[in-house]
Amino acid sequence: TWQASKDPNGKIKLAILPFHSVNAPEDVRFLGLGISDAIITRLANVKRVRVRPTSAILRYENQNVDEREAGRTLETDYVLSGTVISAGDRLSVRVQLIQVSDGTPLWGSHYEVARQELIGLQDSMAERISEALKLHLSTEEQAQVYRRYTDNVAAYEAYLQGRTHLSRYNKEATFAAVNAFETALRFDSDYA
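Residue numbers (our numbering): 49 to 240.
To be clear, the hints were calculated from the coordinates, so they are not data collected in a lab.
Be a bit skeptical, because a hint or two may be false.
[As the list claims (entries may be wrong)] Result set (DSSO-like, lysine-lysine): computed pairs, CA atoms no more than 27 angstroms apart in a straight line:
id	residue 1	residue 2
1	Lys182	Lys219
2	Lys95	Lys182
3	Lys61	Lys95
4	Lys59	Lys182
5	Lys219	Lys61
Work out the full structure, taking the sequences as your base and the hints as a guide.
This is how it looks when you write it as structure tokens:
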């Protein structure tokens, strides 16, 4: 039976794959990678977790993925996968956290939220993942994981678009990222 190599510091190794966007119009397609990137960024502040960076999971974007195989390739203990379905101003998001060694689901959930609730959705997912992995966050880690830099949903969506573009590491995407970040600042000038 397959098992991820042991982390020398005893950290839990986790991959958060790009969420699969189903029937998503162009204006929300970025959420597949954007939501994953936001959760990666939040959980990267937890000392007991070694989360794979967005650059490592980018190759799985817009693909049908065998989560266990992806976990083996990324040498992780756990994989989170999900789907995002857009229906007007509402999002339907399904997520599942599995153990790579045997495919056992550790946690799964289905969220039906308005787009305006996107920030809270990612907070909730980060919290549930931490609970499923039995992570006991210090006060400092909780402050970092749940810290919000804006409550303006339009600014936050523009930021997620920028992060999605930036992860592509090419000139055109970098310009698109800068444009998205400037848009975020127009919506919330304190969001820097």
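So, going through the hints one by one against the coordinates:
Restraint check for Lys182 and Lys219: not satisfied, since their Cα atoms lie roughly 41 angstroms apart, outside the 27 angstroms limit. About 13 angstroms separates the Cα atoms of Lys95 and Lys182, which keeps this hinted pair within 27 angstroms; it holds. With a CA separation close to 11 angstroms, the supplied pair Lys61 and Lys95 stays within the 27 angstroms bound. For the proposed pair Lys59 and Lys182, the alpha carbon gap of about 12 angstroms is at most 27 angstroms, so the pair holds.
Between the alpha carbons of Lys219 and Lys61 the distance comes to roughly 31 angstroms, so the proposed pair goes past 27 angstroms and is violated.
Hints 1, 5, counting from the list given before, are not met by this structure.
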